[in-house]
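Residue numbers (this note's numbering), protein chains in the order written: chain A, 554 to 925; chain B, 12 to 306; chain C, 4 to 388.
Treat the hints as calculated values from the structure; they're not laboratory data. Everything numeric in this text was worked out from a predicted model, so none of it was measured. Everything hinted at is true.
Take a look, some chain A residues computed to stay more than 10 Å from chain B by CB distance: (1) Leu-570; (2) Leu-758; (3) Ile-865.
Cβ-to-Cβ under 10 Å is the rule here; a few derived chain A residues that face chain B: (4) Leu-665; (5) Ser-666; (6) Met-676; (7) Val-677; (8) Gln-683; (9) Thr-692; (10) Trp-816; (11) Ile-827; (12) Tyr-879; (13) Leu-882; (14) Ile-888; (15) Ile-889; (16) Ala-890.
Where a beta carbon is used, it is the ideal one built from N, C-alpha and C, also for glycine.
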Amino acid sequence: MIGATTTDNGANGLVRLFLLVGLAVFALFPLVGSTFYVQLGTKVMVFAILAMSLNLLVGFTGLVSLGHAAFFGIAAYSVYFFTPGFTAASVWWTLPAAVGLAGLAALVIGALSLRTKGIFFLMVTLAFGQMVFFLFHDTPIGGSPDGVYVNAVPTFDALGIDLPELRDRYQLIEGGARAPFTLYYVTLACMLAVYAFLAVLLRSLFGHVIQGIRVNEHRMRALGYPVYGYKLASFVIAGLLGGLAGYLWAVQSLFVNPELAGWHMSAEILLMVILGGMGTIYGPILGALALEALRELAEIAIEYGVTASNAIGLTEMDPHRAATDYYLLVEGVVIIAIVIVLPRGLSGLIEDLAAYLRSGRRSAKSEAEQAT
Amino acid sequence: MSFDVFADPAIFLVQLLNATQQGLLLFLIASGLTLIFGIMGIINLAHGSFYMVGAYAAYAVAEATGSFWLALPIGVAAGIALGYVLERLLFRFFYERDHLYQVLLTFGLILIFEEVRGMMFGEDTHRALTPEALDFSIPLLGVQSYPAYRLAISVICLLVALGLYLLISRTRLGMMIRAGAYNREMVQALGINITFVYAAVFGLGTGLAALAGLLEAPVASVEPGISGRYLIISFVVVVIGGIGSVKGAFYGALLIGFVDTFAKVIVPEAAGMSVYLLMAAVLLWRPTGLFGRPA
Amino acid sequence: MTIATKLASAAIALAAISGTAMAQDTPIRIGVMLPYSGTFALLGQNITEAMELAMAERNNGGCNIEYIQLDSEADPSRGPENARRLIDRDLVDILVGPVHSGVAMGMVQVVRETGTPLIIPNAGVRQATAELCAPNIFRTSFSNWQPAYPSGTVAYDRGARTAVTLSWDYGAGHQATEAFAESFEAAGGEVVEQLFIPFPDTNFQPLLTQIAGIQPDAVFVFFAGGGAVQFVNDYDDAGLKETIPLYGSGFLTEGVLDAQGDAAEGLLTTLHYADGLDNPVDAHFREAFEAATGRESDVYAMQGYDTGQLIAQALEVVSCDVGDLDALSEAMASATIESPRGTFNMSSSHNPVQDIYLREARDGQNVVIDIAAPALEDPAPGCSM
Numbered sequence: 554m555i556g557a558t559t560t561d562n563g564a565n566g567l568v569r570l571f572l573l574v575g576l577a578v579f580a581l582f583p584l585v586g587s588t589f590y591v592q593l594g595t596k597v598m599v600f601a602i603l604a605m606s607l608n609l610l611v612g613f614t615g616l617v618s619l620g621h622a623a624f625f626g627i628a629a630y631s632v633y634f635f636t637p638g639f640t641a642a643s644v645w646w647t648l649p650a651a652v653g654l655a656g657l658a659a660l661v662i663g664a665l666s667l668r669t670k671g672i673f674f675l676m677v678t679l680a681f682g683q684m685v686f687f688l689f690h691d692t693p694i695g696g697s698p699d700g701v702y703v704n705a706v707p708t709f710d711a712l713g714i715d716l717p718e719l720r721d722r723y724q725l726i727e728g729g730a731r732a733p734f735t736l737y738y739v740t741l742a743c744m745l746a747v748y749a750f751l752a753v754l755l756r757s758l759f760g761h762v763i764q765g766i767r768v769n770e771h772r773m774r775a776l777g778y779p780v781y782g783y784k785l786a787s788f789v790i791a792g793l794l795g796g797l798a799g800y801l802w803a804v805q806s807l808f809v810n811p812e813l814a815g816w817h818m819s820a821e822i823l824l825m826v827i828l829g830g831m832g833t834i835y836g837p838i839l840g841a842l843a844l845e846a847l848r849e850l851a852e853i854a855i856e857y858g859v860t861a862s863n864a865i866g867l868t869e870m871d872p873h874r875a876a877t878d879y880y881l882l883v884e885g886v887v888i889i890a891i892v893i894v895l896p897r898g899l900s901g902l903i904e905d906l907a908a909y910l911r912s913g914r915r916s917a918k919s920e921a922e923q924a925t
Numbered sequence: 012m013s014f015d016v017f018a019d020p021a022i023f024l025v026q027l028l029n030a031t032q033q034g035l036l037l038f039l040i041a042s043g044l045t046l047i048f049g050i051m052g053i054i055n056l057a058h059g060s061f062y063m064v065g066a067y068a069a070y071a072v073a074e075a076t077g078s079f080w081l082a083l084p085i086g087v088a089a090g091i092a093l094g095y096v097l098e099r100l101l102f103r104f105f106y107e108r109d110h111l112y113q114v115l116l117t118f119g120l121i122l123i124f125e126e127v128r129g130m131m132f133g134e135d136t137h138r139a140l141t142p143e144a145l146d147f148s149i150p151l152l153g154v155q156s157y158p159a160y161r162l163a164i165s166v167i168c169l170l171v172a173l174g175l176y177l178l179i180s181r182t183r184l185g186m187m188i189r190a191g192a193y194n195r196e197m198v199q200a201l202g203i204n205i206t207f208v209y210a211a212v213f214g215l216g217t218g219l220a221a222l223a224g225l226l227e228a229p230v231a232s233v234e235p236g237i238s239g240r241y242l243i244i245s246f247v248v249v250v251i252g253g254i255g256s257v258k259g260a261f262y263g264a265l266l267i268g269f270v271d272t273f274a275k276v277i278v279p280e281a282a283g284m285s286v287y288l289l290m291a292a293v294l295l296w297r298p299t300g301l302f303g304r305p306a
Numbered sequence: 004m005t006i007a008t009k010l011a012s013a014a015i016a017l018a019a020i021s022g023t024a025m026a027q028d029t030p031i032r033i034g035v036m037l038p039y040s041g042t043f044a045l046l047g048q049n050i051t052e053a054m055e056l057a058m059a060e061r062n063n064g065g066c067n068i069e070y071i072q073l074d075s076e077a078d079p080s081r082g083p084e085n086a087r088r089l090i091d092r093d094l095v096d097i098l099v100g101p102v103h104s105g106v107a108m109g110m111v112q113v114v115r116e117t118g119t120p121l122i123i124p125n126a127g128v129r130q131a132t133a134e135l136c137a138p139n140i141f142r143t144s145f146s147n148w149q150p151a152y153p154s155g156t157v158a159y160d161r162g163a164r165t166a167v168t169l170s171w172d173y174g175a176g177h178q179a180t181e182a183f184a185e186s187f188e189a190a191g192g193e194v195v196e197q198l199f200i201p202f203p204d205t206n207f208q209p210l211l212t213q214i215a216g217i218q219p220d221a222v223f224v225f226f227a228g229g230g231a232v233q234f235v236n237d238y239d240d241a242g243l244k245e246t247i248p249l250y251g252s253g254f255l256t257e258g259v260l261d262a263q264g265d266a267a268e269g270l271l272t273t274l275h276y277a278d279g280l281d282n283p284v285d286a287h288f289r290e291a292f293e294a295a296t297g298r299e300s301d302v303y304a305m306q307g308y309d310t311g312q313l314i315a316q317a318l319e320v321v322s323c324d325v326g327d328l329d330a331l332s333e334a335m336a337s338a339t340i341e342s343p344r345g346t347f348n349m350s351s352s353h354n355p356v357q358d359i360y361l362r363e364a365r366d367g368q369n370v371v372i373d374i375a376a377p378a379l380e381d382p383a384p385g386c387s388m
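Here chain A stands alone, though its shape is the one from the complex:
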C-alpha cells in the first residue's frame, strides 16, 4: 500500500485480503439491502470519493485544507446550472463540465492559497470555501439560500445504446422492490476508479515527489523540484476528484444547497479522513463508512443507556427522544475520543492488527523451530 507506514509484505497481504472482502461486500450489498440502505450506501461511496480526494492533500501532500467542500459544492451546483429547466442533459458532457468547473476553481483557489503555509493555508482555504458558500447563498447565481432542485436526471445514453436510467425511478416497496441499482454501481465503479487512479498516481514520480514534500518540503526544493507546481497540481487533482463526488451527489439527491460548500461540510470530510486514517488510500473509505455507521450506532447506544438509567431510577426520559436530543453530544465526544485515542484512524488499526497477526505467526513459527 503506497503511503502506508508499514512495508511488511505479509501484513500487506492480510490488508489486501481485507480490502477484497470489503469490495465483495460493497458489490453484493444491493442484493440484500433495502432501498433506503442502497441509497445510503451510494451516499457513503460518494463521501468516500470526496474523502479520498481530500486525503490526497492531507495525507499525501501534507496540505490541510478546510475548504474542500467548495469543489464538491461547485460540481453539485453545476448539475443544477446545466439542467435549468426540465430537460435532461447528457452525462457525457455534464460530467466533464462539472468536474472541470471544480478543477478550474481548485486551480484559482489553489494558486492563491498555496502562497501561504500551514496554519495560514488552513485558514485561507476555509475562507475561500466560505466565499463559494456565500456565492451560492447570497447571489442570484445560487438561485435561493434554501437550496434548489435539479429537475431532470442527466441521461446516460451512449452511442444510441439504451443504458438503464442513471437514477432508477423510485418505486414503493409494496409495489415490487427495486433498489436504485444503476447509480449505486456507477458510484461504486467511480470509487474503484478513483482508488486505482490514486494508487497509480502515488506510485509514479509525481506521487513520490508530493509525498517527499509532505515529509520535507525544503529538501524537495533543494533537490530542484518546483514544489509550488507540484502542490498546485495535487490541489487541482483533489479538486477534480472532489468535483466527481459533487456531481454524483447532485444526481443522487436532485437537490443542492449552499451548505454543501460550507465549512461544516469541509470539517466533516476531514473527520472522515482522520477517522479512516490518512496514511492509506483506502482509509477514507472506511472513514466515510464508519461515520455513517457511528450515527446509527450512537442513536442505539443512547437508547440503551437511557433505558438502563431509567430502569435503575436515575432518569426519566423517553429513550428515543433522548437519542434525538443528545446525539450531537455523543458525536462531539466521539470525535474528541478518536482524535485522542485513534490518531492514525481505523486503517492504522487494521495495519497494526495485520502486522501483529503476522508477527504472531512468525513468533509462533520461530517457537516451533526452536522446539525442534
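Starting from the structure of chain A, add chains B and C where the hints point.
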C-alpha cells in the same frame, strides 16, 4: 448597486459609527484568537463558544440580579476559568499535534458546548437587559439617532484595546507573550515558565471573547447557535491582520467592520462575500497578512 | 423509536423485500421530522407535543399509532435523506414535518416520488402548495404569502403611502415582502425600496440608518425568532419606532415578546392566530397544552395541534386503513378543522383557507384587534393536480 450612502452626510456619519462599533467588537474576539494562534499554534474553532458563554452569562446574571454591570465581571471570570480549565485538560496535549487534530478536537467541542447550552438554558431566544443609564438614543443631525449603549460598547472596546496594548508592550507578561509569538522555542530555551504563559494567554483570549458576548447581549439576541455568529469572520480578521499580531487584529477588525457595513448598503447581494474577497486581496498583496511576519 | 421497534422495522423491511404481506394489526406509523436541536428546537418540541395531544384527545382516530421521531436539525442538505430514511427504512405511513422551508423543499421532492402523505405543520415555503402541489401534500400552517398579504392594506388604510420592506434574503423573506408589496401597491401605495440582509445575519444597523434616511411612511419586515428580537429592539433603539410605523408578518412578535420587552409594545402584525380570540376551542387548547407540557402554547403548538386533528379525522374516515392513499388524501382534503385559530377548510391546493388577524402587541400578548382578511386563500399560482 446604490451609492446613496455617500449622498447624505448624516447617513454616512452614522454608518461610520456602525462600522466602527462592529469592528471594535470583532476585535475583542479576534484578538484572543490571534494570541492563541500565534503563541500556542492552536486553531481553536471553539473560540466562538466563549462568546456564547459571555452572552448567556449576561442574560442569566442580569435576569437573576437585575444588574448588567454585575454580569460583566462574572461572565468574564467564567470565560477565563473555562478557558483555563480547557487549556489544562485538553489543549496542552495538542500543542505539538498537527493542526488537523486541533481542528477536529475543537469541532467536537463546539458540538458539546452547544448541547450543554441547550440542557442549561433550553432553546428559547433571550435578550439581556440594557443597562438603564444607557437606555436612550442620541439624536444626530436631523432624522438620524444613535443608541447610547452602542456608543458605550465602542468606548469600552477601545479601553480594552488600550489596556491590551499596555499589557503587551509594558509588562513582563507582555514581553513573554511577544517573545512567544515571535519564537516559541527561544522562549522555552530562555527558561521562561511557558506553562504559565500559555494558561494566561488562553484565559486572556477566552475572557476577551466572553466579554464580547457580554457586551453585545443587550443589543443582540441570545439564542441557540450564536457561537457561530462571529467565528469564521474572526478567523478572517486574524488572517488579514497577520497571525499573532494584536495590532493586526485591531486594524483587520476595523477594516472588516467597514467593508461589511458599506457592502451591505451598496451591494447587498455580495455583502457576505465581500470580506472574503478583501481577504483574498490582502493575501495576494501580503501572504502573511498586514502585520504578519514574512515567512 | 425504541430498540425493539427498530429491530421490528428491520424485520418488516426484510419481510417486504421477500414479498411477505404485512400483518393487518401493525400500528400506523407516523414519521415526525422536526428540529429537536439547534435554533428551531423549541418549535419542533411544541409542534410534536401539541400534535400528540390532539391525537390523544381523539383517541388516535380509533387506530393503533406509533410515532417515529427524527431530528431534522433544520439542515436542508440532509432533508431528502432523512425523509427517505423514514419512508424506506422505518416504513412510515404518514409523514409530518418540517419547520424549515429548505428542509420542506427536500421532503416535498421525495414524497412527490413516493406518494407518502405529507403534512407540513409549519414551513411556509409557497411552492409546496403552489407549483409543487400534489394530492398527497398538505399544510396545516400557512403559506408565506398568506400572513403578509393583508399587511399592505392595513398599512395603506392607516395612512401610509410610501413603504420600505426589509427581510432576510431567503425564500420566505422574498415571498412575504412581495405579498406585502402586492396589496400595498394594489391599494395605491408605493414600495420605494426593498432591502434585504443575508440570512441569518443580524447586524441591522446599516440598514436602519438607510431607512432613517429614506423616511418612508411605513416599514414592513419579515423576521422570526432571534432575528425578530434583535430587529424590534434595534428599530426602537434607533428612534424609528416613534416616527415610522413598523408592520410585519406576525412571526415578528410571535413567541418572542418577552425578549423584546417594551420595544414591541404597540406593534401591529398580521397572522393566522392571535391572543384573545374569543372561541372555546382556543381556550380549551391553551389550557390542555399547558397542562400537558408546562409551557405556554404558541402559534407553532397550535399548528401542531391542528396537524394532529387532521390526521385523527382522516384516520376516522378511512377506518385506520392507510393502504388506500387516494381515500386518505381525499379524507384530508375534505376535512373541516375546528382549530383554535377558528374553523378552516383546505383549499384546492391543500393549504388552509383561514382568517388573518390584525394584532397589536400589548403587555406581552398579541391581542387581536380586527380581522385583517377573512377566509384568505393563497391563490396558489402554478398548482395543478
